[in-house]
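Take the sequences, apply the hints, and build the full model.
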Amino acid sequence: MGDRGGVARASPALHGAIVLAAAGALLLVGFPLAELFGAAGSQGLAAVVAAFQGTAAARAIATTLGTGGVVTLLGVLGGTAAAFATERGAPRGRSWLRGAVLLPLVVPPFVAALSWGQAYGPAGLVDDLLGLELPGVYGLGGVVTVLTVHAVPLVYLVVAAALASRAEPDLERAARSSGASAATAFRTVTLPLLRPAIVAGAALAFVTTVNAFGVPAVLGTPAGVTTVTTRIYSDLVFAADPEAFTRVLVLASGLVLLTLSVVGVADVRDALGTGLTRTGAPLGSAVPAGSRWPGAVLWSYALVTSMLPLLALVLVGITRALGLAPVPANWTLGHFRAALGGLGGPALARSVLLAIAAATTVLLLGGLLTALRRQRGGKPLATMATLTFAVPGSALAVAVLLAYGPWLRDTLALILIAYLAKFWALGHRTIAGAAGRQPPELAWAARASGAGPATTLRTVTIPLLLPALAGAWLVVFLFGLHEVTMSSLLYGPGSETLAVVILNLRQLGDVPVTAALAVLLTGMVLLGTALLSAASRTSRRLTTRRDGG
2 MGDRGGVARA SPALHGAIVL AAAGALLLVG FPLAELFGAA GSQGLAAVVA
52 AFQGTAAARA IATTLGTGGV VTLLGVLGGT AAAFATERGA PRGRSWLRGA
102 VLLPLVVPPF VAALSWGQAY GPAGLVDDLL GLELPGVYGL GGVVTVLTVH
152 AVPLVYLVVA AALASRAEPD LERAARSSGA SAATAFRTVT LPLLRPAIVA
202 GAALAFVTTV NAFGVPAVLG TPAGVTTVTT RIYSDLVFAA DPEAFTRVLV
252 LASGLVLLTL SVVGVADVRD ALGTGLTRTG APLGSAVPAG SRWPGAVLWS
302 YALVTSMLPL LALVLVGITR ALGLAPVPAN WTLGHFRAAL GGLGGPALAR
352 SVLLAIAAAT TVLLLGGLLT ALRRQRGGKP LATMATLTFA VPGSALAVAV
402 LLAYGPWLRD TLALILIAYL AKFWALGHRT IAGAAGRQPP ELAWAARASG
452 AGPATTLRTV TIPLLLPALA GAWLVVFLFG LHEVTMSSLL YGPGSETLAV
502 VILNLRQLGD VPVTAALAVL LTGMVLLGTA LLSAASRTSR RLTTRRDGG
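Taking our numbering, the leading residue of the sequence shown gets 2, the next gets one more, and so forth.
I should point out that these hints are in silico values taken from the structure, not numbers from a laboratory. Hints may contain errors.
To be verified - Cβ pair distances, simulated, as ranges:
1. R321 / E134: 17 to 27 Å
2. P381 / R95: 38 to 48 Å
3. S534 / V353: 17 to 27 Å
4. T384 / T56: 36 to 46 Å
5. L46 / L133: 47 to 57 Å
6. K380 / R60: 36 to 46 Å
In this text, all values refer to a predicted model and were calculated from it rather than measured experimentally. C-beta: ideal position from N, C-alpha, C; glycine also.
Here you go:
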């Protein structure tokens with residue numbers, strides 16, 4: 002009887018939580034996207050066809066699709082090869098090598114584009130030291146290269162996880178001991194097991210590439226290379242004719258449909274896969290590499306694609322003037338003082354404020370969805386929040402502008418709404434994953450001892466989830482800190498974020514101050530990543546101690 006009464010008393014709170022989550026999903030996801038598709042559809046079929054038939058728009062679409070295809074192919078090849086080098090070999094310093102492969106994920110993409118220009122562009126670091134200039138850095142070749150550098154670790158993460166959980170080394174050993182050659186074992190055993198992961202990695206790389214804005218804006222726009230995202234930006238910010246706005250609506254809607262269709266196909270392909278899972282047998286040991294060259298190649302790749310460009314950016318930021326040798330005698334912190342004393346200081350404060358507000362609110366929203374994951378209606382809400390993360394930032398910004406622009410235009414609140422819609426899935430996925438690993442017996446024991454739902458949540462559930470909660474908060478904070486796509490479309494006078502100021506200063510030609518701000522932003526992201534890594538290690542230690550107990 003007491004349990005029934007507890008359930009009855011909890012029902013109003015449960016219904017209220019479902020209503021609150023549904024309202025959040027409607028306001029942050031449903032309403033903006035409905036406004037976007039409604040506005041695009043209201044233009045009429047002729048306007049839609051005309052928007053796609055324009056020479057500039059057609060070129061932007063072709064460039065986006067072509068770039069997405071090439072980057073996806075290169076990213077899959079590079080990421081899969083890197084995963085085999087670190088997970089199937091036995092290189093020294095394996096953890097450091099993994100970190101080097103994943104370094105591009107820590108550096109904001111538009112900062113990576115800036116650093117490549119300073120390292121390999123005209124009058125860049127390599128040009129000054131060796132007299133060598135990499136042709137095409139500012140152009141389509143540079144855009145494809147930097148986006149590939151960013152796609153490789155995305156594929157690497159998925160394939161490396163699959164190598165540990167699906168394609169165990171012992172399966173390959175069994176095939177080899179049965180007489181199969183290394184190529185045959187790879188083709189008949191390893192590759193079929195990895196196929197779902199490779200498809201998922203390819204979809205992730207393609208979606209990330211076609212959604213990219215910062216890299217094409219920095220390396221493509223000066224050379225006249227236009228993608229769908231940069232076309233949306235130029236039409237929305239610089240054009241005033243009705244045809245340009247119609248084109249924005251059509252391109253944004255098409256980008257959403259393309260992205261969601263790719264994600265949907267990948268999900269269906271994964272659902273129709275082999276469905277193989279790990280057995281209860283312990284994970285086999287690594288297969289000896291036989292030589293050290295794969296590790297050496299990876300270190301060389303990380304040096305050329307990430308470390309050297311970042312070094313070039315730092316040297317530009319601390320050297321007194323362009324053209325001077327980047328030696329200690331010419332170093333100064335004046336550019337950092339100038340950056341923080343101008344627009345950079347207030348923009349930094351706004352970025353931190355927005356990131357804190359987004360991370361804190363997403364933590365609450367993600368926890369709410371996690372609490373409802375086993376309730377009717379909870380899974381569709383979680384799916385809606387997850388799909389929004391795949392929606393291109395430029396399209397989502399247009400949708401939010403249409404939905405809330407009449408009341409909140411040129412305010413931080415408008416940018417915050419876009420952040421919440423985009424990053425809700427990050428908080429939810431992190432918290433839900435940790436909650437799914439928690440033993441329910443602990444909460445049951447607390448309830449059986451007379452603790453109410455609130456007391457159980459406060460004394461049992463939240464303490465166990467603290468590392469995951471801290472990790473979710475930090476992830477959203479980092480994404481909000483360096484977000485540029487939505488901010489560049491939604492900001493107004495007095496609401497510029499740090500990333501927007503960096504791009505604007507770059508367009509004005511203030512290279513040293515731009516580099517100083519970019520270094521400052523990257524340093525903050527690296528610090529946050531270190532804290533996130535510490536939280537993850539703490540979570541694993543707590544889980545190990547609990548399981549051991």
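Against the structure, the hints come out as follows:
| no. | hint | result |
| --- | --- | --- |
| 1 | R321 / E134: 17 to 27 Å | 23 Å, holds |
| 2 | P381 / R95: 38 to 48 Å | 41 Å, holds |
| 3 | S534 / V353: 17 to 27 Å | 21 Å, holds |
| 4 | T384 / T56: 36 to 46 Å | 39 Å, holds |
| 5 | L46 / L133: 47 to 57 Å | 52 Å, holds |
| 6 | K380 / R60: 36 to 46 Å | 41 Å, holds |
Violated hints: none; the structure is consistent with every hint.
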